[in-house]
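Protein chains in written order, with our numbering: chain A, 1 to 89; chain B, 90 to 501.
Just so you know, the hints here were simulated from the structure itself, not pulled from any lab data.
Bear in mind that the values here come from a model prediction, so they are computed numbers and not experimental data.
The C-beta atom is built at its ideal place from N, Cα and C for all residues, glycine as well.
Don't take every hint at face value.
List of simulated lysine-lysine pairs, PhoX-like, C-alpha gap at most 20 Å [to be verified]:
1. K106/B - K68/A
2. K416/B - K496/B
3. K230/B - K251/B
4. K30/A - K75/A
5. K485/B - K106/B
6. K223/B - K254/B
7. K19/A - K470/B
8. K251/B - K30/A
9. K235/B - K254/B
A few chain A positions that, by computed beta-carbon distances, are all more than 12 Å from chain B [what the hints assert, rightly or not]:
10. M1
11. A9
12. L43
13. I59
14. L80
15. R82
16. A85
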Amino acid sequence: MATVEDYVARVEGTCGAEKDVIVTFKYEKKQEALTRILKRATLKNNLQGIIYELTFEDISFRVYSSGKAIFRSVKNREELNRILAALLL
Amino acid sequence: MFDPHVVREDFPILKRKVNDHPLIYFDNAATTQKPRQVIDAEREFYEEHNANVHRAVHTLSQEATDLHEGARKIIAGFIGAKEPAEVVFARGTTEAINLVAYSWGLRNLKAGDEILLSLMEHHSNIVPWEIVSKITGFTIKYANVKPDGTLDYTDLESKFSKNTKLACLSHVSNVSGIINDVKRVGKVAHEYGALMLVDGAQSVPHMPVDVRELDADFMAFSGHKMLGPTGIGVLYAKKVLLEKMAPFEGGGEMIKEVSFSPQNEQCGISWNDPPWKFEAGTPNIAGGIALAEAVNYLQNLGMSEVFQHEKALTGHAVEKMRNCCTKLELYGTTDASLKCGIIPFGVEGFSSHDVALFLDNYGIMIRSGFHCAQPLHQVFKLQSSARASFYIYNTKEEIDSLIEILKEMEQL
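Put together the whole structure using the sequences plus the hints.
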């Protein structure tokens, strides 16, 4: 059975006062992750196919074609894992 | 004649592509790329001369020791130290400043004493002092930074007192690239009987720096920001200070003798002479040798030429960035004559990470975040910033590519 870890290489806090969380997808899974996320989240804006502005369950986040996502205002790692599972699995 | 296009040929990594675009590396304030000569020097040490330094009498150890101490001599000459003994090898700027904080600060700073820092310091020139101040009770005063990012010298000089024992200041800000007049501040420090520590992490790689001309008591810098490997850096200190300072770490290399007394069942220890007194354990031998090769490389180019090249790049970038986009904001002064190769900026509507990731898509590497200088971002009232920083292999054409992508970003 697939898990979030199958798709995610790293989760880190971004450097800066924003306290956002950056998710780096595994290189070989980034396209699949992007496709799944675009299918399940609500697309607010597509910036040249490089930055996608999305929302999911009132959480706004951005996905980048290079295989990263930045989530704003997620409460904690558990909530992030739950959202990632809902988006990816 | 300095030609970055010729310089680039020495850097294997600059031939690669990132995200299907030629690599444009503008994160040099974080770390620089390495020329073939430096990579070869490190490899050659391991292939031809590898052994531990000092004490062993065999041939390889003698060769390794000669190379290791020869590297120290080259680095001492590069920064104008009086003698190689004033060059202590450390892991980098951070460890070098920690060395001073613990070896000198812990024993010489007490309650009632004061030290002076500025609000533009890198965390590595703030945190060690905050830690030691909590132990011994001395006070830290922070000099203000003006809204344009320049140091408020009036405020700084007003904060000196008879209790000031040390002033610590970055020679070049790692966020704004602003060059500080550390000689002026050191002169005031000395008038008050205080010592002067210069964080040279962003100056030594980019401009001619002479510790005796600056009259710095301590200066710290990192090898990896000046073409050398990671894990090697330098603390320069006047020998008279090193002789009085206690060791930083204990272990092999840093002692002359450890003799056990059966009478009182204790070991009597005598310290080695500087600089070895501060280099416990096996040093980063290959790193030091490769750093010396990096120094040779920079000296062959000429540090004045390096400085002029970066000035020209900074001027070109500032001029273009000021005029290219309405949503692009340069943080701090736009007077390129006050700066050295570092440009902090933002794009309206995007976080610094958005900017960095957008540029990454085009093979352009810049930094985003606090750059380990959160207090300065508070001065600028910024959540974070994007930062482009240049070095010897960067070109005006690369800056033009950056501008083109930023223009595209503005249209999104």
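Here's how the hints hold up against the structure:
1. K106/B - K68/A: 19 Å, holds
2. K416/B - K496/B: 9 Å, holds
3. K230/B - K251/B: Satisfied, since the Cα-Cα distance of roughly 13 Å is no more than 20 Å.
4. K30/A - K75/A: Between K30/A and K75/A the Cα gap is close to 24 Å, so the pair fails against 20 Å, i.e. violated.
5. K485/B - K106/B: 19 Å, holds
6. K223/B - K254/B: 16 Å, holds
7. K19/A - K470/B: 16 Å, holds
8. K251/B - K30/A: Distance of about 60 Å is beyond 20 Å: violated.
9. K235/B - K254/B: This hinted pair is violated, its Cα atoms lying about 25 Å apart.
10. M1: It holds; M1/A is separated from chain B by about 31 Å at its closest Cβ, greater than 12 Å.
11. A9: Since the minimum Cβ distance to chain B is about 15 Å, A9/A lies beyond 12 Å and the statement holds.
12. L43: 14 Å, holds
13. I59: Label holds. Min Cβ-Cβ 16 Å, cutoff 12 Å.
14. L80: Label holds. Min Cβ-Cβ 16 Å, cutoff 12 Å.
15. R82: Nearest chain B Cβ is 23 Å from R82/A, so the label holds.
16. A85: At about 24 Å from chain B, A85/A clears the 12 Å cut-off, so the statement holds.
Hints 4, 8 and 9 from the list above are not met by this structure, while the remaining hints are.
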